[in-house]
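**Q** Here the structure of chain A is known, so what remains is to put chain L in place on it, guided by the hints.
If you're matching them up, the sequences are chains A and L in order.
According to my numbering, the first sequence is numbered sequentially starting from 810.
According to my numbering, the second sequence is numbered sequentially starting from 810.
Read the hints as simulated data drawn from the structure, not as lab findings.
Treat identical chains as interchangeable: a pair holds within one or across any two.
Here are the simulated lysine-lysine pairs, DSBU-like style, with alpha carbons at most 35 Å apart: (1) LYS870 with LYS895; (2) LYS812 with LYS1068; (3) LYS977 with LYS1068; (4) LYS825 with LYS1068; (5) LYS812 with LYS852; (6) LYS870 with LYS1068; (7) LYS1068 with LYS852.
Take a look at the letters that make up each chain.
Number of protein chains: 2
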Amino acid sequence: MSKIRIGIAGYGNLGKGVELAVRQNDDMELVGVFTRRAPETVKLLTAGIPVYPIAEIEKYKDAVDVLIICGGSATDLPEQTPALAKLFNVIDSFDTHARIPEHFANVDAAAKANGHLAMISLGWDPGLFSLNRVYAESILRNGETYTFWGKGVSQGHSDAIRRVKGVKRGIQYTCPVQSAIDAVRSGSQPNLSTRDKHERVCYVVAEEGADKAQIENDIKTMKNYFDEYNTTVNFIDEETFDREHNTLPHGGFVIRSGKTGANLETNQTIEYSLKLGSNPEFTASVLAAYARALSRMAAEGQTGCKTAFDVAPGYLSPLSPEELRAHCL
Amino acid sequence: MSKIRIGIAGYGNLGKGVELAVRQNDDMELVGVFTRRAPETVKLLTAGIPVYPIAEIEKYKDAVDVLIICGGSATDLPEQTPALAKLFNVIDSFDTHARIPEHFANVDAAAKANGHLAMISLGWDPGLFSLNRVYAESILRNGETYTFWGKGVSQGHSDAIRRVKGVKRGIQYTCPVQSAIDAVRSGSQPNLSTRDKHERVCYVVAEEGADKAQIENDIKTMKNYFDEYNTTVNFIDEETFDREHNTLPHGGFVIRSGKTGANLETNQTIEYSLKLGSNPEFTASVLAAYARALSRMAAEGQTGCKTAFDVAPGYLSPLSPEELRAHCL
Chain A
810 MSKIRIGIAG YGNLGKGVEL AVRQNDDMEL VGVFTRRAPE TVKLLTAGIP
860 VYPIAEIEKY KDAVDVLIIC GGSATDLPEQ TPALAKLFNV IDSFDTHARI
910 PEHFANVDAA AKANGHLAMI SLGWDPGLFS LNRVYAESIL RNGETYTFWG
960 KGVSQGHSDA IRRVKGVKRG IQYTCPVQSA IDAVRSGSQP NLSTRDKHER
1010 VCYVVAEEGA DKAQIENDIK TMKNYFDEYN TTVNFIDEET FDREHNTLPH
1060 GGFVIRSGKT GANLETNQTI EYSLKLGSNP EFTASVLAAY ARALSRMAAE
1110 GQTGCKTAFD VAPGYLSPLS PEELRAHCL
Chain L
810 MSKIRIGIAG YGNLGKGVEL AVRQNDDMEL VGVFTRRAPE TVKLLTAGIP
860 VYPIAEIEKY KDAVDVLIIC GGSATDLPEQ TPALAKLFNV IDSFDTHARI
910 PEHFANVDAA AKANGHLAMI SLGWDPGLFS LNRVYAESIL RNGETYTFWG
960 KGVSQGHSDA IRRVKGVKRG IQYTCPVQSA IDAVRSGSQP NLSTRDKHER
1010 VCYVVAEEGA DKAQIENDIK TMKNYFDEYN TTVNFIDEET FDREHNTLPH
1060 GGFVIRSGKT GANLETNQTI EYSLKLGSNP EFTASVLAAY ARALSRMAAE
1110 GQTGCKTAFD VAPGYLSPLS PEELRAHCL
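Isolated chain A, as found in the complex (with noise of 0.2 Å):
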């Protein structure tokens, strides 16, 4: 059988992580990267994939069986997805919620017009979490989901941490309180706002000379940002932060805690769970597996747009539904 063809749109940490997916699925070959820099300035992981520019992309269109798209949701994805879907079958990992209704009415009339596929907001959440929720609460009707992030990186509180008066360097983690996520599986279904779920860790390397006391003042009291959290400043100096803070983890929880029973008197609980060495990477392979069921899906004559909830599981396996049938009922 003829290999997928993979298109990667935008080189950043994802797009990166998109080609080292790739790499670990045999029915699929990277055929290119498009990039909005100079083709010759981006140096791939992969000896021999060509760079394109991507003012060139409709050339390819015909070399290409699915295209993931790397962009950022603020302003790349909501342009870049309509407009490639008229060209290809394309993947996003579009992660803005409250707009996710507007951009599958553009990327679904552009993608229908041109007899192709698409799918967006895929990754972990949206994505797995999403389908967790969707099957948890479809399961258990009577009961309460519970979403907590992290101990992940959060890019818009560490770019916070940075702008603050005598940081030289700083990144910032959301973590689950342990104490909440025990509440949560004790069945007791808690009244918990996402910052009881959550507090917020910080690693900074202050400037020379810096008044630490003010530093570790104005990070927890700035608004919207950390003045109602429970926070943490930890100063550490630069070797330190290089070494032990490089790295892109995340995670979180989606719990369902449900009640069965004539007088709802059982607790059933459903818990899923990430824990996620390299973010970017993880989100990637995602996409990579919805790659393989778009293929699919677009050979048997699909077109417009479609998330999570419209792909059935078998799509996304190497495996035939006999072979699953058999081996992973």
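**A** Chain L only, in chain A's frame:
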């Protein structure tokens, strides 16, 4: 919108669970229970629901949208599901893993020939655990998947205990070994057999004057059941037994420990777990959600046999695709 009309074939623990699950889904109604027993001897939990002899089930074929078959996998379902798929859209929880391909083929042929849709092997294992294995293995291509069961009652092992001389009452719980779970979560990908992962905990009421040391020895050395496991035998009085061992809890864990990155240097862990106060009530809740999916897929004209791998998650939810995208992604 008219409600999904549910029928139940077989009224044991699982059938009772389905009766209760239908109550929790306001887009469903229970139209009747079909039994091999004399209908007047079967007391339902809900007033006003008719009980019919299963021998006359054909009369009701236009009154039921989805028939949930609640028989046992050993002898009931291999006969009942193909036979009833000629008359109804059907769902079962067939769980004899080795015989699933054969069962699938029989049900598929019967359903297709009669324009019906069937779903088999639904519940949590097979079912939700199977799904999670497939999602996780499709995403993390390099890695190991571990399934732990328990803490939960094993009917076969409980029966075995009760055959030991001097045992009046007995129950056996299969328990996952915490140190094995911890090793898996660490990312070390240990080699673990089923018996490395589980221990067996027994609660026994001895007959008066029985030799407890002998009972304990007989249980712990029982071939194929206990001899190769770490087994604990606890003697309790009958009152405690009745009070503390009268429910059917179960659960377990599916953990995928994977690696990503250029040199597979990044640990990534996906974990799915269930903690169930009642195994039959939970399994029934899964069947009810898939009954909703089945009624929608049948309305689209789909026929033949499906498993959890073939059902897009959105079909399980009472929410519309638009609502799911707006609120659950």
